[in-house]
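**Q** Respectively, the protein sequence lines represent chains A and B.
Quick note, in the working numbering, the first sequence goes up one by one and the last residue is 283.
Quick note, in the working numbering, the second sequence goes up one by one and the last residue is 1249.
Fair warning: there could be bad hints in the mix.
Derived coverage of chain B by chain A (criterion: at least 3 residues anywhere in the stretch with Cβ under 8 angstroms from a Cβ of chain A; other residues may be distant) [stated by the list, open to error]:
id : segment
1  : 1084-1096
2  : 1100-1106
3  : 1124-1133
For each label pair, taking beta carbons as the anchor points, the in silico distance ranges come out as [as the list claims (entries may be wrong)]:
id : chain 1 : residue 1 : chain 2 : residue 2 : range
4  : A       : 91        : B       : 1031      : 23 to 29 angstroms
5  : B       : 1098      : A       : 172       : 18 to 24 angstroms
6  : A       : 128       : B       : 1240      : 57 to 63 angstroms
7  : B       : 1122      : A       : 134       : 35 to 41 angstroms
8  : B       : 1241      : A       : 272       : 43 to 49 angstroms
9  : A       : 272       : B       : 1236      : 53 to 59 angstroms
10 : B       : 1012      : A       : 122       : 24 to 30 angstroms
11 : A       : 75        : B       : 1239      : 25 to 31 angstroms
12 : B       : 1186      : A       : 128       : 58 to 64 angstroms
13 : A       : 151       : B       : 1241      : 42 to 48 angstroms
I should point out that these hints are in silico values taken from the structure, not numbers from a laboratory.
All C-beta atoms in this analysis are idealised placements derived from N, C-alpha and C, irrespective of residue type, glycine included.
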Amino acid sequence: MTANAVEVQNLQKSYDGVEAVRGISFEIRAGEVFGLLGPNGAGKTTTVEILEGYRRPDAGTVSVLGIDPRRPTLDWRERIGVVPQSGELYPNLTVLEHLRLFAGYYAQPRPVNEVLELVGLEEKASAKTRTLSGGQRRRLDLGVALVGDPDLLFLDEPTTGFDPGARRAAWETIRSLRSLGKTILLTTHYIEEAQRLADRVAVLRRGEIVATGTPAELTGVAPASRISYRKDGERIDLQTEDPTRVLHELTGEALRGGARLEALEVHRPTLEDVYLSLTEETE
Amino acid sequence: MRLLLHQLRAEQRLFWRTRELAFFTFLLPIVFFLIFASAYGDEEIDGADGYLHLLAGMIGYGAAATTFAGLALLLVIRRESGVLKRLRATPLPAWTYIVAVLASIVFVFLLEAVVLVALARLAFDVALPGRPFSLFAVLLLGAATFAALGIGLTALIRSAEGSSAVVNALYLPVTFISGAFFSADAFPAALRAIAEVLPLVHLIRLVRDVMVFDQAAWDRPGAVAVLVAWCLVGSVLAVRGFRWEPRER
Ligand SMILES: Nc1ncnc2c1ncn2[C@@H]1O[C@H](COP(=O)(O)OP(=O)(O)O)[C@@H](O)[C@H]1O
Ligand SMILES: [Mg+2]
């Protein structure tokens, strides 16, 4: 047993000439939430579906829970859970019937009542799927993926299209899964989501990983902090790697001269700044 | 085995809950039988009792409606909505799933045939089939043939939206020219020639011979051979064309 739940080396995949994934490598440690962050078309779904065994890579090696997903086994499927980016369930079955149906496919399912509670659908247990809202359907997607009590969970854009309240609720759920010890691969194009949920993030841009690290590590590297203020009605912007010293000098000077630094602000770089600078088109 | 029963029960629930599907494939042949049999069942059709003629025709129509049209629609809708793809990620073995789906739709068809025979007996005093085993064998052969063709057909349908139009446009005209509703004698020779090549006319003929003329299924090797041939064609198409993932994207 390796400590890594997922290992990907030099993975490549193209679709008739379109290079969707261009030689990426990363690993996901057991028990961590790994965020694959990138704009639409970056290659997130392609990568995830290769790990799930739906698509075949053109080159590279992939190991998911010690198995090559090109040759999946039933035991391996017992241990993974999949929330696809899109897709429906049976419109005429209820929430509870779905969970029972899928629970029946696994040797050791998680009790359906627990799953209902985890995804917050207790009140909708006997509602037919076609009467559910978009957010409730997405939670049922998660429930169906969880009912087999998997070790590794793939979540492909689990909160896309949610309103802010629903997104926060979904984040709570994902956090509680993490504390159950599950390994989670989460794809998203929301920076905040990656920042809030992921232990480590890989930023994907046009099929390439342009940065990997914890959210703190990513924001620790460039770009620099920004200091801005107004002096004599003129707006001044400074960029610095050492905001403490620059701020000290600025304020000291202003105090001595009896001047005021109006609208003084210090911006720490957020993951968003990093993300935008990394995913910006360079040409 | 436990998994198979689990899935079979789910399939039955899904079928009867999908009201449109249950109505068009299970109920409609029964309703048509009652209507047509009351209208002209007491006349003689093709040298046979009109009731029996219609009964055989509606059983053939039922086979096409359930195991061909119903199965194809159900699979296309599940494929395009992503349900089949999701199932592939679970430990449910592919063959268990496919066997459960097939067994479920064949069960619906057999139930339909039983209801038709019982109604004919109760409402129109038609004698019960003298050779139940032969009848059962013929129905199973027909169901297998149409199910194979139904799965094969899913390969040609690209979207869930257009699927029922395509399926209906295929099997309803064939049902007519195969003489399910009334004698095919009135149709132009060209249409009848087309019908002769297709499996439904042979299935209806086999059912009729078993029920009306009390023949055993194997007394008509030609008809059996045509059905078996179509069953093989359908199986090849089914194995090559079946997809778990949506075709549209
Ligand atoms: N089945 C496919 N056939 C052809 N091109 C595809 C297919 N799937 C994805 N692509 C292309 O590959 C690129 C990456 O897509 P995808 O992996 O879906 O990215 P993401 O999930 O990050 O939005 C895109 O340019 C997309 O158009
Ligand atoms: Mg995607």
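**Q** Compare the structure with each hint and give your call.
**A** The hints, checked one at a time:
1. With 8 residues carrying a beta carbon less than 8 angstroms from a beta carbon of chain A, the segment 1084-1096 of chain B meets the three-residue requirement, and the given coverage holds.
2. For the segment 1100-1106 of chain B, the stated coverage by chain A is violated: 0 residues have a C-beta nearer than 8 angstroms to a C-beta of that chain, whereas at least 3 were required.
3. Here the segment 1124-1133 of chain B counts 0 residues with a CB under 8 angstroms from a CB of chain A, which misses the bar of 3, and the coverage is violated.
4. For the pair residue 91 of chain A and residue 1031 of chain B, the supplied restraint of 23 to 29 angstroms holds, since their beta-carbon distance comes to about 25 angstroms.
5. The hinted window of 18 to 24 angstroms between residue 1098 of chain B and residue 172 of chain A is violated, with their beta carbons roughly 39 angstroms apart.
6. Taking 57 to 63 angstroms as the suggested C-beta distance range, the pair residue 128 of chain A and residue 1240 of chain B does not conform, at roughly 36 angstroms.
7. Under the hint 35 to 41 angstroms, the C-beta atoms of residue 1122 of chain B and residue 134 of chain A, about 49 angstroms apart, miss the expected range.
8. Look at residue 1241 of chain B against residue 272 of chain A: about 47 angstroms separates their beta carbons, and that is inside 43 to 49 angstroms.
9. Restraint check, residue 272 of chain A to residue 1236 of chain B: a C-beta distance of roughly 55 angstroms satisfies the suggested window 53 to 59 angstroms.
10. Between residue 1012 of chain B and residue 122 of chain A the Cβ separation comes to about 27 angstroms, which falls inside the hinted range of 24 to 30 angstroms.
11. For the hinted restraint 25 to 31 angstroms between residue 75 of chain A and residue 1239 of chain B, the CB-CB distance of approximately 26 angstroms keeps it satisfied.
12. Between residue 1186 of chain B and residue 128 of chain A, the C-beta spacing of about 47 angstroms breaks the proposed range 58 to 64 angstroms.
13. As the Cβ distance of residue 151 of chain A to residue 1241 of chain B is approximately 35 angstroms, the hint placing it in 42 to 48 angstroms is violated.
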